[in-house]
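Engineer: Sequence:
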Amino acid sequence: MSLAVTLTRAQEGVSAPQVIVEVHLSGGLPGTSIVGLPEAAVREARDRVRVAIQATLFEYPARRVTVNLAPADLPKEGGRYDLAIALGILAAGGQVPRKKLEHCEFMGELALSGALRAVNGVLPALLRVRASGRSAVVPRANAAEAALVEDLDVRVADSLAEVCAWLCDKAELDCPQAAVWDGAVGGPDLADVRGQLQARRALEIAAVGGHHLLLSGPPGTGKTMLAERLPGILPPLRSFEALETLAVYSVAGQDIQLAHWRRRPFRAPHHTASAVALVGGGSHPRPGEISLAHHGVLFLDELPEFDRHVLEVLREPLESGRIAIARAARRCEFPAQFQLVAAMNPCPCGYAGDPGGRCHCTPDQITRYRARLSGPLLDRIDLQVEVPRVPLEDLMQARGARDEDSATVRARVVAAREHAYARAGRPNAELAAREIERDCALGPPERALLARAVDKLGLSARAYHRILRVARSIADLDGAAACVGREHLAEALQFRGLAI
Numbered sequence: 001m002s003l004a005v006t007l008t009r010a011q012e013g014v015s016a017p018q019v020i021v022e023v024h025l026s027g028g029l030p031g032t033s034i035v036g037l038p039e040a041a042v043r044e045a046r047d048r049v050r051v052a053i054q055a056t057l058f059e060y061p062a063r064r065v066t067v068n069l070a071p072a073d074l075p076k077e078g079g080r081y082d083l084a085i086a087l088g089i090l091a092a093g094g095q096v097p098r099k100k101l102e103h104c105e106f107m108g109e110l111a112l113s114g115a116l117r118a119v120n121g122v123l124p125a126l127l128r129v130r131a132s133g134r135s136a137v138v139p140r141a142n143a144a145e146a147a148l149v150e151d152l153d154v155r156v157a158d159s160l161a162e163v164c165a166w167l168c169d170k171a172e173l174d175c176p177q178a179a180v181w182d183g184a185v186g187g188p189d190l191a192d193v194r195g196q197l198q199a200r201r202a203l204e205i206a207a208v209g210g211h212h213l214l215l216s217g218p219p220g221t222g223k224t225m226l227a228e229r230l231p232g233i234l235p236p237l238r239s240f241e242a243l244e245t246l247a248v249y250s251v252a253g254q255d256i257q258l259a260h261w262r263r264r265p266f267r268a269p270h271h272t273a274s275a276v277a278l279v280g281g282g283s284h285p286r287p288g289e290i291s292l293a294h295h296g297v298l299f300l301d302e303l304p305e306f307d308r309h310v311l312e313v314l315r316e317p318l319e320s321g322r323i324a325i326a327r328a329a330r331r332c333e334f335p336a337q338f339q340l341v342a343a344m345n346p347c348p349c350g351y352a353g354d355p356g357g358r359c360h361c362t363p364d365q366i367t368r369y370r371a372r373l374s375g376p377l378l379d380r381i382d383l384q385v386e387v388p389r390v391p392l393e394d395l396m397q398a399r400g401a402r403d404e405d406s407a408t409v410r411a412r413v414v415a416a417r418e419h420a421y422a423r424a425g426r427p428n429a430e431l432a433a434r435e436i437e438r439d440c441a442l443g444p445p446e447r448a449l450l451a452r453a454v455d456k457l458g459l460s461a462r463a464y465h466r467i468l469r470v471a472r473s474i475a476d477l478d479g480a481a482a483c484v485g486r487e488h489l490a491e492a493l494q495f496r497g498l499a500i
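Here the sequence shown is numbered in full-length UniProt numbering, starting from 1 and rising by one per residue.
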């Protein structure tokens, strides 16, 4: 029989649809054609595969070789199909047995020597393979990703020759070493920050509920220090969250370190970043910074210095936790459940409101500077905090009892988050409207206080719900799992007082 079938996976965003590789050998002039909407790198596979097969001391068929990549309407790109195509050609020619092919999926790019090279997107592909109940073979260079997928028979190989020996039952392929988290959260310690008690309190509340945070103050007051220490007080990623995050890194071709696989990501793009760099895109859509910060922190320093168009594209993912990128030929969706932390100066020179009178900006300059941030964007930021200049005596004194380290604060954050997970299965910032009604119920005095605040500040319905979510996080931090008290609501409203 001159027809053989092998299985592999395509890459489409963070999904990995199955691709069936059908190889047919027929009479006629020798040649190889690949059909099924292949792009340039896939069409060039015929030359890589031919030389790799010959370098492995197998015979390349002197016949007409037709390779069909099904489904035909799914665009195929990259060198990830090389191994499956090569094995299909060898199986169609009777040079390797077919019995393992129907129960196994193969991914990997071939070098001309027959060696296997790493490909992007192996982790999401293996998650789909596990759901299908099959086994998989991937390049050894992708072993770190393969080690993260439990309950899957996955093998790693260095070359086409090793895979063929395994198919012929002449040798065994290695299994990747299981991933073991080192238990370290890592990152700079919160104890390094002197003073700034209100900002530290806001940081802790933001960590409890996953709320977005804006820090506003003069240069050198510790805004960046505070933001960089947020990941250190967040609880470690749960297993499924870590896999979701690392699947994005796999698609983006980022390195994965097994010892740190449950650490939360921290992304800090420069203010010259484009909209595509921030949210993703390109002719072949790739994940951007907001997706690489999935289940982690996205820090935007000097927020008004970002192009306004770049900031406006954040509005939808801040609400939905996902970003859909549409192109003429395809549409990809990437997760983007990130926690935004932003820092800014109060004016162009940075010293508006400074007691020393150092600011010389005109009112028009300050107005134009602050107008770079739109109302709808600010409306989505839950906590807006002023970070004043630190007194010299606070900087010079040794670490005190109020300068808690990250481990101490993280213990409180983890305990408070457990209340939220037990109640709704998610952080408070992600509560839906119906869940807010159930979990953030207010008594008559609290409702009256909130009504006065909404009327006085002219708050939107979105701000109303966000205040309730923040109050719920404060109550969880206070150990009040049953209800939101007046003091919790008052503190949430204090942080809603627009800092800019």
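Treat the hints as calculated values from the structure; they're not laboratory data.
Treat the hints loosely; a few may be bogus.
So the derived label-pair ranges between C-beta atoms look like this [as the list claims (entries may be wrong)]:
{"id": "1", "residue 1": "K456", "residue 2": "P355", "range": "25 to 31 Å"}
{"id": "2", "residue 1": "G253", "residue 2": "A432", "range": "31 to 37 Å"}
{"id": "3", "residue 1": "Q257", "residue 2": "E172", "range": "26 to 32 Å"}
{"id": "4", "residue 1": "F240", "residue 2": "H284", "range": "48 to 54 Å"}
{"id": "5", "residue 1": "T408", "residue 2": "R331", "range": "42 to 48 Å"}
{"id": "6", "residue 1": "T408", "residue 2": "R368", "range": "24 to 30 Å"}
{"id": "7", "residue 1": "K99", "residue 2": "A432", "range": "25 to 31 Å"}
Backbone N, C-alpha and C define an ideal beta-carbon position, used for all residues, glycine too.
Engineer: It remains to establish, for every hint, whether it holds in the given structure.
Structural biologist: Going through the hints against the structure:
Between K456 and P355 the beta carbon distance is about 28 Å. The supplied range of 25 to 31 Å therefore holds. One distance hint, 31 to 37 Å for the beta-carbon pair G253 and A432, holds here, with the actual separation near 35 Å. Distance hint check for Q257 and E172: the Cβ-Cβ separation is about 27 Å, which falls inside the suggested range of 26 to 32 Å. Distance hint check for F240 and H284: the Cβ-Cβ separation is about 27 Å, which falls outside the suggested range of 48 to 54 Å.
Between T408 and R331 the beta carbon distance is about 46 Å. The supplied range of 42 to 48 Å therefore holds. Look at T408 against R368: about 43 Å separates their beta carbons, and that is not inside 24 to 30 Å. Here the CB-CB span from K99 to A432 is close to 50 Å, at odds with the stated 25 to 31 Å.
Hints 4, 6 and 7, counting from the list given before, are not met by this structure.
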